[in-house]
Amino acid sequence: MFSAVTYIIILFIWGTFMPSYLTPNLNYVKGSYGHTYTRLQDVKDYENIDILFLGSSHTYRGFDNRIFNASGLKTFNLGSSAQTPLQTITLLKRHLTRLSPKLVIYDVYPNTFMGDGVESSLDIISNEKNDLNSVKMALSVNHLKVYNTLIYAFLRDIFDWRKNFKESLVKGDDNYVKGGFVEKELAYYKTKTLLRKEIKFDSTQLDAFNECLRLLEKNKISVILVYVPIAPSNYSRYTNIREFDSVMSAHMKYFNFNEKLILNDSLHFYDPDHLNQNGVKLFNNKLIEILNEEKFNR
Amino acid sequence: MKVRNTFIIFIVSGFWHGANWTFIIWGLLNAIYFLPLLLTNNNRNNLAVVAKDKYLPTPKEFFLILITFSMTVLSWVFFRAENVEHALQYILDIFKDPQSFYTMAIYYNYRTIILLILFFIILEWFGRENQYAIEKIGLKWKWYFRWFFYSFIVFLIGMFMQTAETPFIYFQF
Chain X
1 MFSAVTYIII LFIWGTFMPS YLTPNLNYVK GSYGHTYTRL QDVKDYENID ILFLGSSHTY
61 RGFDNRIFNA SGLKTFNLGS SAQTPLQTIT LLKRHLTRLS PKLVIYDVYP NTFMGDGVES
121 SLDIISNEKN DLNSVKMALS VNHLKVYNTL IYAFLRDIFD WRKNFKESLV KGDDNYVKGG
181 FVEKELAYYK TKTLLRKEIK FDSTQLDAFN ECLRLLEKNK ISVILVYVPI APSNYSRYTN
241 IREFDSVMSA HMKYFNFNEK LILNDSLHFY DPDHLNQNGV KLFNNKLIEI LNEEKFNR
Chain L
1 MKVRNTFIIF IVSGFWHGAN WTFIIWGLLN AIYFLPLLLT NNNRNNLAVV AKDKYLPTPK
61 EFFLILITFS MTVLSWVFFR AENVEHALQY ILDIFKDPQS FYTMAIYYNY RTIILLILFF
121 IILEWFGREN QYAIEKIGLK WKWYFRWFFY SFIVFLIGMF MQTAETPFIY FQF
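Heads up: the protein sequence lines correspond to chains X and L, in order.
Residue 1 is where the first sequence starts when you use this note's numbering, and the numbers rise one by one after that.
Residue 1 is where the second sequence starts when you use this note's numbering, and the numbers rise one by one after that.
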């Protein structure tokens with residue numbers, strides 16, 4: 001008991017005063033890359049929305065709220081960097097009841113089913129007040145860095161002297177748009193050769209994914225799964241995309257937009273993973289068209 | 001006879017780790033390290049704790065510690081390498097650019113690990129007469145100071161241990 005308390009006290013003092021190179025297993029960054037802090041503050045202003053977007057950076061950089069708002073849809077983008085199903089379920093448990101969306105659009109990116117979820121756990125732990133759901137998430141991820149950061153974050157939540165922390169809406173070439181979208185200054189990707197990659201599902205992530213879908217079903221919320229377009233040169237590296245598609249189709253209504261849209265590496269993307277604003281417009285308009293056809297949006 | 005048996009023991013020990021020339025060379029190197037002691041009949045000397053009851057080693061003792069440690073680490077390059085070519089390239093790379101040893105930037109990049117190594121060398125040095133380094137450290141302190149010390153070591157492990165996946169070599173067997 002003495003050792004546990006001492007560990008926590010040292011962790012708090014060390015984490016507060018030591019430079020980052022002396023805290024390799026503690027990664028508490030408020031206002032980190034991707035505007036997670038602002039988004040998780042912003043979400044509190046929303047309730048009874050039409051569409052909730054969930055997923056990784058492909059989500060918060062891929063679904064532009066302004067385009068959906070122009071079609072009369074009230075939306076919120078709850079994506080966050082490298083978000084895996086283990087973090088999605090945590091965020092849903094916190095915000096679903098208030099947001100009460102009619103439809104959830106869940107971005108299913110293969111890498112999020114293969115990752116350990118450490119990076120995104122640290123992002124969410126650092127940028128929103130922690131609760132029992134954070135503990136459950138940490139136990140599922142089961143990584144020392146996540147445990148250390150969570151303990152530290154709990155103490156920061158109690159003693160935080162940076163309550164007035166405000167994240168700038170414009171950071172570098174990122175511009176936060178109310179509703180969760182982050183617009184990147186227009187840039188173009190120069191194609192590079194990428195190594196072939198096989199999609200291998202992590203069973204913990206798959207369980208969390210199923211839990212998300214069950215929670216949404218329990219709340220009688222419609223769900224569609226979407227594979228947001230990635231640069232064609234990146235998409236073609238996956239050796240078993242058909243297998244991935246069939247697993248996703250077996251769960252819910254699923255649209256793989258890499259197959260539905262003809263996009264170009266250098267015209268519609270700013271890196272191998274993310275659409276530039278030209279790509280976002282094409283993708284979002286196509287999605288709205290499908291939503292109208294399938295009568296999902298009302 | 002003694003020399004032959006020593007070589008057999010070390011080479012078999014190397015071979016036990018796997019059917020790879022790297023392990024054989026690792027064993028062979030260790031056997032060669034023993035050769036001067038065997039030939040001069042000094043192999044049963046130097047078994048006592050170094051610099052017993054003293055705070056610091058003599059310059060000669062310090063030099064011997066440094067040589068022993070360096071030779072052991074050199075043999076570990078073979079132990080851990082994918083193949084002999086890889087090991088030789090690794091060793092060549094160490095000596096290829098001796099200027100880099102005098103470049104502070106190299107040490108700056110590894111400042112955390114250097115600080116930790118220094119801390120644990122000091123700990124090991126003061127606990128060198130015991131089976132475990134911290135076995136007798138703090139026995140005369142107040143209990144809360146001693147437990148604080150233990151907790152601090154646990155904390156250092158929790159803060160600095162390698163958390164990325166690194167396969168343990170014995171998992172191969």
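By construction, these hints were calculated from the structure, which means they are not laboratory data.
Being a predicted model, the structure only gives us computed values, none of them experimental.
Ideal placement from N, C-alpha and C gives every residue a C-beta, glycine not left out.
Careful, some of the hints might be misleading.
[Stated by the list, open to error] Ranges of calculated distance between the beta carbons of each label pair, as one might list FRET restraints:
{"no.": "1", "chain 1": "L", "residue 1": "I157", "chain 2": "X", "residue 2": "L206", "range": "30 to 40 Å"}
{"no.": "2", "chain 1": "X", "residue 1": "E243", "chain 2": "L", "residue 2": "T68", "range": "30 to 40 Å"}
{"no.": "3", "chain 1": "X", "residue 1": "K281", "chain 2": "L", "residue 2": "I153", "range": "53 to 63 Å"}
{"no.": "4", "chain 1": "X", "residue 1": "Y21", "chain 2": "L", "residue 2": "Q131", "range": "50 to 60 Å"}
[Claimed, not checked] The following residues of chain X were derived to be distant from chain L, with all beta-carbon distances above 10 Å:
{"no.": "5", "residue": "R98"}
{"no.": "6", "residue": "K102"}
{"no.": "7", "residue": "N130"}
{"no.": "8", "residue": "K145"}
{"no.": "9", "residue": "K178"}
{"no.": "10", "residue": "N219"}
[To be verified] Residues on chain X that point at chain L, a partial pick, calculated with CB under 7 Å:
{"no.": "11", "residue": "T6"}
{"no.": "12", "residue": "Y7"}
{"no.": "13", "residue": "I10"}
{"no.": "14", "residue": "F12"}
{"no.": "15", "residue": "L144"}
Identify every previously stated hint that the structure contradicts and give their numbers, smallest first. Result: hints 2, 4, 8, 14 break, sorted rising.
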